[in-house]
Each structure stands twice: as structure tokens, then as C-alpha cells.
Amino acid sequence: MIKSRKLMLATAAALALSATGAAAERGADGQLNILYWQAVSVLNPFLSGGTKDVEGSSLVLEPLARYDETGTMVPWLVEDIPTVENGGVSEDLTTITWKIKDGIKWSDGTPFTAEDVAFTAAYCMDESGGCQQAANFSDVASVEAVDPLTVKVTFAVPKPFPYGPFVGAQSPVLQKAQFQDCMGAAAPTCTEANFHPIGTGPFVVQDFKANDVVVFAANPEFRDPEKPAFSTVVFKGGGDAASAARSVLETGEFDYAWNLQVEPEILSQMEAAGRGELVSAFGTSVERFEVNMTDPDPALGDKRSTVEGGPHPFLTDPAVTKALSLAIDREILVEAGYGAAGQVTCNLVPAPEAYASTANDWCKTQDIEAANKLLDDAGWVAGSDGIREKDGVRLSMLYQTSTNSVRQGTQALIKQMWSEIGVETELRNVDASVFFGGDPASPDTFQKLYADVEMFTNNFDGTDPQSYLASWRCSEIPSPKNNWLGGNNPRYCSEEYDALFEELSKTAGIEQRAVIAKQLNDMLVEAGAIIPLIHRGGVSAHANSLGGVVMNEWDSELWNIADWHRVE
Amino acid sequence: MLTFTIRRLLLAIPTLLAISFIIFAILDLSPGDPTSQIPLTVPPEVREHIRTSLGLDEPFIVRYLLWLKQFFINEPLNILEEWTGYTFGDGDRLRISSWATRSPVVDLIVERLPQTLWVVGMSYVVGALIAIPIGVISAYKQYSWFDQVGTFVSMIGFSVPTFFTGLLLIVIFAVNLQWLPSIYDTTLRVTDWSSFVAQIKQMIMPTMVLALYNASQISRFMRASMLDNLNQDYVRTARAKGMKEKTVVLVHVLRNSLIPVVTVIALGVPQVFGGAIITEQIFKVNGLGQLLIIGIQGADIPLVQTLTFIFAVLIVLFNLVADILYGVLDPRIRYD
Chain R
25 MIKSRKLMLA TAAALALSAT GAAAERGADG QLNILYWQAV SVLNPFLSGG
75 TKDVEGSSLV LEPLARYDET GTMVPWLVED IPTVENGGVS EDLTTITWKI
125 KDGIKWSDGT PFTAEDVAFT AAYCMDESGG CQQAANFSDV ASVEAVDPLT
175 VKVTFAVPKP FPYGPFVGAQ SPVLQKAQFQ DCMGAAAPTC TEANFHPIGT
225 GPFVVQDFKA NDVVVFAANP EFRDPEKPAF STVVFKGGGD AASAARSVLE
275 TGEFDYAWNL QVEPEILSQM EAAGRGELVS AFGTSVERFE VNMTDPDPAL
325 GDKRSTVEGG PHPFLTDPAV TKALSLAIDR EILVEAGYGA AGQVTCNLVP
375 APEAYASTAN DWCKTQDIEA ANKLLDDAGW VAGSDGIREK DGVRLSMLYQ
425 TSTNSVRQGT QALIKQMWSE IGVETELRNV DASVFFGGDP ASPDTFQKLY
475 ADVEMFTNNF DGTDPQSYLA SWRCSEIPSP KNNWLGGNNP RYCSEEYDAL
525 FEELSKTAGI EQRAVIAKQL NDMLVEAGAI IPLIHRGGVS AHANSLGGVV
575 MNEWDSELWN IADWHRVE
Chain W
67 MLTFTIRRLL LAIPTLLAIS FIIFAILDLS PGDPTSQIPL TVPPEVREHI
117 RTSLGLDEPF IVRYLLWLKQ FFINEPLNIL EEWTGYTFGD GDRLRISSWA
167 TRSPVVDLIV ERLPQTLWVV GMSYVVGALI AIPIGVISAY KQYSWFDQVG
217 TFVSMIGFSV PTFFTGLLLI VIFAVNLQWL PSIYDTTLRV TDWSSFVAQI
267 KQMIMPTMVL ALYNASQISR FMRASMLDNL NQDYVRTARA KGMKEKTVVL
317 VHVLRNSLIP VVTVIALGVP QVFGGAIITE QIFKVNGLGQ LLIIGIQGAD
367 IPLVQTLTFI FAVLIVLFNL VADILYGVLD PRIRYD
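Quick mapping for you: the protein sequence lines, in order, are chains R and W. Per our numbering, residue 25 is the first one in the first sequence, and the count goes up by one each step. Per our numbering, residue 67 is the first one in the second sequence, and the count goes up by one each step.
Don't take every hint at face value.
[Said to hold, decoys possible] Computed footprint of chain R on chain W; a stretch qualifies when at least three of its residues, placed anywhere within it, have a C-beta under 8 angstroms from a C-beta of chain R:
id	region
1	115 to 123
2	163 to 171
3	280 to 287
4	351 to 361
[What the hints assert, rightly or not] Take a look, some chain W residues computed to stay more than 10 angstroms from chain R by CB distance:
id	residue
5	Thr69
6	Trp149
7	Pro227
8	Thr228
9	Ala240
10	Val241
11	Ile270
12	Met309
13	Val328
14	Val382
[Claimed, not checked] Sample of chain W residues at the chain R side, in silico, Cβ under 7 angstroms:
id	residue
15	Ala78
16	Pro97
17	Pro109
Honestly, the hints are just simulated from the structure, not real lab data. Quantities reported herein were computed from a predicted structural model and do not represent experimental measurements. Every residue gets a Cβ at the ideal spot worked out from N, C-alpha and C, and that includes glycine.
Turn these sequences into a full structure, and let the hints steer you where they fit.
Okay, here's the thing in C-alpha cells:
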């Protein structure tokens, strides 16, 4: 008995040893199968900003620094994160100097230098190129290689948050030698380079079939000789979210599936099969109402939904928007449509922790009584049909969003909730490619907002909300004059907000910035321009046999793929 | 016959030009925008820049003429260069390039054609091979149990959509029984016996889903055509002359009945090239149908325009082939 137990222990020990031994060797774990239900179109994220393309290329291309799962910046190809304290950021906030780690090589064996970093900036900032990540380089005056391992970025204005260029999956570094003939208008013609970029990441592109599949192989020059554990990655695309979830959770054909926006009941049913598990993480995405502060009456013709057309007949009354917000039971919306991928929120900026305001937490619980009282006090009384009115204005609204089964479910629930406070709602949904398409000729885009309220999700990259909060300044209101460009869909305009924003853009130091950002957030919510609903997270699934997955919403989900490995 | 063919080919040129113009106009007028799939974090000014870099700021007619030049001059010249190895002119011509992948559309099509031909083409062949015997027996033994079952099955195949049969097969064979893969592995290369078996396994479900649909369609044509001929006078004559029943049915009736069926099959061939949008999407076969749907979703106008136009060319071409085949099979029909 004792003998056999000893034998068992020995076998177990041997197994454990061999398991760790196998994991510590590059390529020992064989093939990894990843399924993104939107296929990768091109592996150059500067030419295609789609999430699928950015994340697909993140196996190969890396930024200087990236965000970990908590939203903290971590040095990736550099020694440390430059700050004012360590002298990496100049006192006047106009320059940032990155020190590249010694010994990093491209997958073709050549050294990674500051020249490559400077080149990448020039590549994206070329006017004729149509670079899709140009926003990361806003206000950049010059990027120069001081020496082979030092690169200095100079901004035209003081930048309290100088981590736009080369931080995060959206802003990786390209190899100069490969892309130097592909500048500007020539960028799209370099198909070979765009399909097979050379990178510093854990994998190299072996085979690429556009809009279908990418096969990656372990990078022989990767800086950590023991990683990655997988020798090949098959990165398949296509289908829909439900079938992607099925292939991991039920049939086990794939190890990892991304962005599973499926009704929570279906997902939990699939998860019950026991082959894999769901993982979620929260970034800055918020499903919200953007409330039209201008009059969308079709009778106004060209002036419809513009500042010139006049204010909205009832949505400019904060009592009405507050009542609308109070009447919504956000818990039910989460339960019905989001499950693990949603949390109740009352903020436009829900994260990082330091930036999340607590001033609006009254919205977290539904309170029909209080909502009714607010409207009563404001003089909105129920007419014969139960719909409230005041001075001949009825609380009747057109509520639009994009076509998507979860959103239509939410619409129906909210319509019901609002009917309880005497508000009539007409529902409308527009195909996502039209709604978000921004075609100035189409009347159905979210910028035109030919409706009273609209619901969709937006977020900001990285952890700093400055450029996000810039959207609600007076100058950002979409109108025929600026060809409907601008992010201020509610047409909210307040001098106070603009002034406070100016202050934010001059303030350094996380704490002070957070105070101002919270104030800006509260102004928008209190004015009723934004009614936040749900803090949305990403949901992915991985097989039980896949270890090392650390879900991250601040960067590419595959940010730590070098650490992924097989588990028994 | 030859003058007829030449006349028809010449007539096809204005037809195709008109078709290409209509497709381009429809795509241009349709809502949807190539930047709609980019995250909202990309600001509007950058989006405007992207649109300009795609050439969207040019007027409609300029973009149409540019596409015509690229499709009818640049692309054929490029193919010629690849075949012959010669370089015509400076060899640096602007090719039609997709907005999503930024690579030449023709290369994407060439990469995907084999899968479509294998899966969809195979389903067409299998469908025809099943349909013809079923049609013949159903007609010969009209109203027998075989005919009733055949009618029932073909009604099901005809009326149940492929997105339902496809999912049903996946649930049965991939989820519950775990016999067949639910996702087509497009990186698989057939090099030995085991990879050949894997290829067959992954083709079974998509092929069968489409074969059921094709077979039900063709078998109904076959049955109707057989019934028409079985009651003809020449059949009675053949029987009266003492021919074997087998000879009467399989030689005289079948051959005459096949004439309209062959034309139906020929007219259906362009569908094979068009791929099966829904089936390819369900099983993730990287065929032309899937390429088209991705292009439509992403408002990738050059891709959709080129693909739909190629389908139009094939349809016009196979209509002509069907007409000629008809003349060849039935000597009574002459076009001159």
C-alpha cells in the first residue's frame, strides 16, 4: 500500500516536472486556435483601425508601453515609463523621452532602434496616407531619434498626458526598413508589408488570407527565450458571436473566442457544457443615452436638430431628463441583455477608479415615485391618455439606436419603464453601418440625431479621458456647417464646461486631473445631456486547457499572449 | 450557329456596361460607409481623412470611369503580364483595391475561388447526381410510395432555408456526436491520406446542406420532364415495336427528358461561382459568398462592385451556353 502510494507520488512528481519543463520551452505546447468572428482584413493597424485588425496585429507589432489589466501603464519595449518626476517628461510638459531596452530585435534579426520609432510617427503623420490612428499623434510637432536607444517626442502644446504616441495596441512601432517605401499615398500599395509586417512580438506572420485566417509562428528572435509556449497560432475569422462561443464552449474546436455579445442565458447554457469558461473585463465603454438638446422637429427643415433650430421643447428641462433617468431599472437591463458583460453605471467616465464620480449614484436604483414627483412639481401633468403635458407640449419621444437584438430588447424594456411615468416613446432602429457610418447625406446617422434620444456605446482609448471629454464642448456640435462632423451629439453647450475643460488640458498630476474630469462628467449628467445606462465589459471565452489568459479591456485582449500556455 | 454566338457575344457588351453602371449607381446611393466599422474613438477629422484617402471625395462619374479603366484595362493587362512574364508599358498600373484589406480585389477573388468551386461545385454535382435518378424513378412510378417520399423530401429541401439545415447539422454532428468539425479549416493542405480524410470530413456538412437544396430543385424538373415524355406517341410506338422497357425508359425517354434539365443545370452554374453566402458564412468556408457578405457589411464598394459584376458576366455567359447547348442537344432547334 505504502509502496504503491510512493509510486503514485513519484509519478505525480514526474508528471508535474515534465509539465513545467514543457511549458518552459518555446513552442512546446503546439498549436493555439483563436476565433474572432470578425475576420482580420489587414495586419497594419495604421491602415485599418478595426478592433479585429488592431488585436490581430498585436501578436506581431508592439508599442513602447502598454496597459495591463488594471489600466496601469507598463514599460514594454522601454526601460521605464517617463514622468516629470524621473525627468522623462520635461517640466513644461512639451517633450517626452523614451529609453528603449537594450537588445530588442525585430523578427528578422536586425536591432530595434529609435529610428524605427521616429519613422513610425512620420509614417502615420503623413498627410496623404489616411492613417487611421492619427489621433494618437495629435499635437506632435516632431519625433526624433536622439541616439539608437533614445527617442524624443516634442509636442506643439503642453501635454499633461503625453502617452498618446507609442502606448497601447493602437499605436505600435513599424520597422523602418520594411515600410520606408510605403509612406503616404503609397501605403495601400505595399500589400506584402501590410499583410506580413515584421515585428518584435512573440509571433511572426506565416500565412495570411485576408478576411479569413492568419497563421502565426513563434518568433525565433523573441526577447524571452522560453516564450511563447505555442509554436503556431491559427487566427480564424468569420461567422457570428454565437457560433464563435459554441466552437469554444461546446465543440471545443477553438481555444479562445473574442467579443461574445450574445444574450447571457444562451452563453450560460453553452458554458454548462463544461469545456471552457467565460472571462470578462471592464474598460471605459458605457452604453448611454445622448439626449437631444435641440429641436428635432421635421418641420424645421434644414434647421432640424441644430442650435439654430432652437432648444428642445422639453428635454432641456433637467427635471424631465432626471425623471427619465430615475425611471429606468438598470439592473433589469443588465440581467436581460448583458449578464457578466455589464454593470449599472451613472457615469459617462466609469473608470479608471480615480476618475469615476460618485455624485450621480442616485440613478443606480429605479424610483418611479420620485420620478413622478419630479415631473408633477415641474408642472408636467398627465393628459386624458395618461401622457404628461405642459403648455401644449406632450412628453412624446422618438428613441433611436442601432440594429442589434440586445439593443432592441433594451428599447422595449425602457419604453415600458417610461410609460409608467407618463412618457410616450416611439422606437426606431437603424442598421449599424448606416447609424455609425457618418455619411453626411444620410438622415439616419447618429451625428444627425433626427430623434429625441439615441442610445449607443462609446469609450476612450487608454486611461486618460481628456480627448473624450473634449467632445462635449460647444465647438464640437455637429451641424451642416461642419458637414456634421463633431462628437457633441447632444448639442450640449456651456461656457462653464468649456472653461473647465481648458483647465483640464493645462493640469498635470493624476489627482488634480481626476477632480476636474469628475466635475466635467457630473456637469454632463446633471444637465441631462447624457443619461448613462450600463458600464459594458468585454466577454471572451477560453478553453479549460488554455492557461495564462488575463482579460484586458485597456489594451489588446491578446496583450500577454506570450504567457499563454496549455494546462492539464 | 457561329453567327448566332458572335451576335449574342457582341450584344452582351452593351448589356454588361449597363449592368456595371447600375451596380455602381446602386452601391453609391446605398447608405453605409467604409468607416462605420472603425471604433468610435477615432475622431471625425481622421475619418474624413480616411474617406479622402479612399478617393471618396471624387465625383461619382470620375470614380465610375476609373473603375471601368481598372477593370477592363489594368486588370486584364496585369493577368496577361503574370501569364506571359512580359511587361506592358511601365507595368505600374493602379489595380482595383479593396478598402478593407487595401490589397487588389482580383487577388482576393483568386485566393477564394478554389474553396467555392470545391464546396459549392461539389454540392452541385452531388445534387445533380442524386436528383436525376430520383426524378426518373419518381416519374416512372408516379404516385407510388417512392414518388411520395421523394416529393416530400424535395419539398423540405426546397422550403427549409440553409441557415436552418446548416445549424441543425452542426448541432447533431458537431455538438452532440462530435463527428464532424463545425468550422472549415481553410489552412488545411491535402498532402496525405489523413489530411485527405480531414478535408472530406469538413466538406461533408456544407456540401450536403447545399446538395439537398440543389437536388430538390433539379429532381422536380427531371420528374416533370420525364412525365411529359412518357405520355408521348413515340414511347407507345417503341413499346409496340417490342423494345425492352429498360431501353424505352433509359434510352428514349431519358435522353429526350434531359434536354430541358441540362439547360436548367447550365443556368445554375453561375450560382456555383457566386458561392452560397449563407452556407459559407455558417461553416466559415472562405469562399466568394463569404467575401461578398464581408464586403457588403464593411461597405467595401470596390470589392462588392467587382464581385457582383463578375457574377453578372457569368450569368450572361451561361445563359448563352444554355442556349447553345439546347441547340446541340435538340437538332430541331436552329438559330440561324
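Now the hints, each set against the structure:
1. Under the rule that three or more residues need a Cβ within less than 8 angstroms of chain R, the assignment of the region 115 to 123 of chain W holds, with 5 such residues.
2. Under a criterion of three residues with beta carbons nearer than 8 angstroms to beta carbons of chain R, the stated coverage of the region 163 to 171 of chain W is upheld, 7 such residues being counted.
3. Beta-carbon proximity to chain R at under 8 angstroms applies to 0 residues in the region 280 to 287 of chain W; the threshold of 3 is not reached and the given coverage is violated.
4. Proximity of the region 351 to 361 of chain W to chain R, defined as three or more residues with a beta carbon under 8 angstroms from a beta carbon of that chain, is established by the 4 residues found.
5. At roughly 44 angstroms from the closest C-beta of chain R, the C-beta of W:Thr69 stays outside 10 angstroms, upholding its exclusion from the interface.
6. Distance check on W:Trp149: its Cβ is at least 20 angstroms (rounded) from any Cβ of chain R, clearing the 10 angstroms threshold; non-interface status holds.
7. Against chain R, the non-interface label of W:Pro227 holds: every CB pair exceeds 10 angstroms, the least being about 16 angstroms.
8. Once the 10 angstroms rule is applied to beta carbons, W:Thr228 is consistent with being away from chain R; the minimum gap is 14 angstroms.
9. Listed as a non-interface residue, W:Ala240 fails to keep its Cβ farther than 10 angstroms from every Cβ of chain R; the least gap is roughly 5 angstroms.
10. At roughly 5 angstroms, the least C-beta separation between W:Val241 and chain R is not larger than 10 angstroms, which violates its mark as non-interface.
11. Interface exclusion of W:Ile270 from chain R stands, the closest Cβ pair being 15 angstroms apart, more than 10 angstroms.
12. With a least beta-carbon separation of about 56 angstroms from chain R, W:Met309 lies farther than 10 angstroms from that chain, consistent with its non-interface assignment.
13. Taking the minimum C-beta to C-beta distance to chain R, about 35 angstroms, the non-interface status of W:Val328 holds against the 10 angstroms cut.
14. W:Val382, annotated as away from the interface, keeps every beta carbon of chain R farther than 10 angstroms; the closest lies near 27 angstroms.
15. The criterion of a C-beta within 7 angstroms of any C-beta in chain R is not met by W:Ala78, whose closest approach is roughly 31 angstroms, and the hint is violated.
16. Interface hint status for W:Pro97: upheld, as the beta-carbon distance to the closest one in chain R is roughly 4 angstroms, under 7 angstroms.
17. At its closest, the beta carbon of W:Pro109 sits 5 angstroms from a beta carbon of chain R; the interface hint therefore holds under the 7 angstroms criterion.
Violated hints, listed in ascending order, are 3, 9, 10 and 15; each of the other numbered hints is respected by the structure.
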